[in-house]
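K.L.:
My request is simple: use the sequences and hints to build the entire structure.
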Amino acid sequence: MAKRFYIQKLDAIRGAACLYILLHNFVYGLYGKELVSGNLRLLFSAGQEVVIIFFILSGFVVRLSLERHPKTLFKTFFVRRFRRIYFPLAITFLVSLAIAALRGKAIEEFSWYDLAGNLLLLQDFGSVKPGTWFYPFLGNLPLWFLSYEWWFYLMFYPTYKWLPKNNKRIYLIAAFSILFFGIYVAIPNQIALILSYFILWWVGVECAEVFLRDRTFTYRNLQPIFIGLGLAVVATSLPLFWIEELKPGYYPFLMFRHFFSALLGLGVGLVWYRYRLVGFDLLLGKFAAIAPISYSLYLLSYPILVQWGLNSFSPKTWFMYVINAIVLFALAYLTEIKWQPRVNRCIK
1 MAKRFYIQKL
11 DAIRGAACLY
21 ILLHNFVYGL
31 YGKELVSGNL
41 RLLFSAGQEV
51 VIIFFILSGF
61 VVRLSLERHP
71 KTLFKTFFVR
81 RFRRIYFPLA
91 ITFLVSLAIA
101 ALRGKAIEEF
111 SWYDLAGNLL
121 LLQDFGSVKP
131 GTWFYPFLGN
141 LPLWFLSYEW
151 WFYLMFYPTY
161 KWLPKNNKRI
171 YLIAAFSILF
181 FGIYVAIPNQ
191 IALILSYFIL
201 WWVGVECAEV
211 FLRDRTFTYR
221 NLQPIFIGLG
231 LAVVATSLPL
241 FWIEELKPGY
251 YPFLMFRHFF
261 SALLGLGVGL
271 VWYRYRLVGF
281 DLLLGKFAAI
291 APISYSLYLL
301 SYPILVQWGL
311 NSFSPKTWFM
321 YVINAIVLFA
331 LAYLTEIKWQ
341 PRVNRCIK
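Sequential numbering of the sequence shown, starting at 1, is according to UniProt numbering.
By construction, these hints were calculated from the structure, which means they are not laboratory data.
One should not assume that every hint holds.
[As the list claims (entries may be wrong)] Here are the simulated DSSO-like cross-link-like pairs (lysine-lysine), alpha carbons at most 30 Å apart as the crow flies:
hint : residue 1 : residue 2
1    : Lys168    : Lys75
2    : Lys9      : Lys105
3    : Lys33     : Lys316
4    : Lys316    : Lys75
5    : Lys168    : Lys9
6    : Lys71     : Lys348
Computed from a prediction, not measured in an experiment: that's the story for all the values here.
P.N.:
Right, here's the structure in full:
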């Protein structure tokens, strides 16, 4: 029962995080059109931090998945991740193309170069980080997260199989990420940028490892994770000392913000856990219902709610925004619940 209990908690966090990011993008769009107050915008200003929570959750869930199927071969692991990532992404590309065409922007905004980069999952939010190679396809900015997620999936299997399985492993991952962060600072490039973030995702793997071993979380059994992540936070803080102007949403402060939010989130999570997650079900429990469609919601929310709902010819009324939301949830449901199982049966 313990394992199932915590899976339900993870689903609730995943669903809540997805909905928050969805609202973050929508509210920022409304604020840009002066349709909501700055206070509401401030309430939904932590979108970047919530994405980092996604990283940690993803690592945790992938490690639990391997525990349930310990004899999984890399080929099987790859195929499962490939169809999980790429099918909803393909649907998203088609939706983005349709919306761009309806807006009369398809020819202007379409780029074969960026499409190729997105198919390779090497896209990033280039306007806030130097050295990126490809922009998210047709301006779907939340896709930046997906490139990291995909490559971390592929890195997980060999890393977990080959590195020693003890609580010192996190220090090797921290050293790896810090090394590539240093390379990125010296020579900004997409590969080094992605690899520098690996520790954020791997923190989830190590937390799952602790839970599977001890069935509980304490500062003592999480201490190596705190130390490894803390070292990475210190490393990402160093460039802040030689930058004249710091902008919260731009490199280098953005990277420090990501790493620090992971450390802070881990600390807050531990404290809450020690208090038996008091109020969790009341605050977040209901969001588990949208966890099964959260991935497609994340991918489709920006094109449907922002690019169609706020930046197109459609009327700017709350009635239309509700219609946009219904379309979003319906399409996410079809993609994840109805179509994805068929794809899974075809691609094995």
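K.L.:
Go through the numbered hints given earlier and state which of them the structure violates, listing their numbers in rising order.
P.N.:
2, 4
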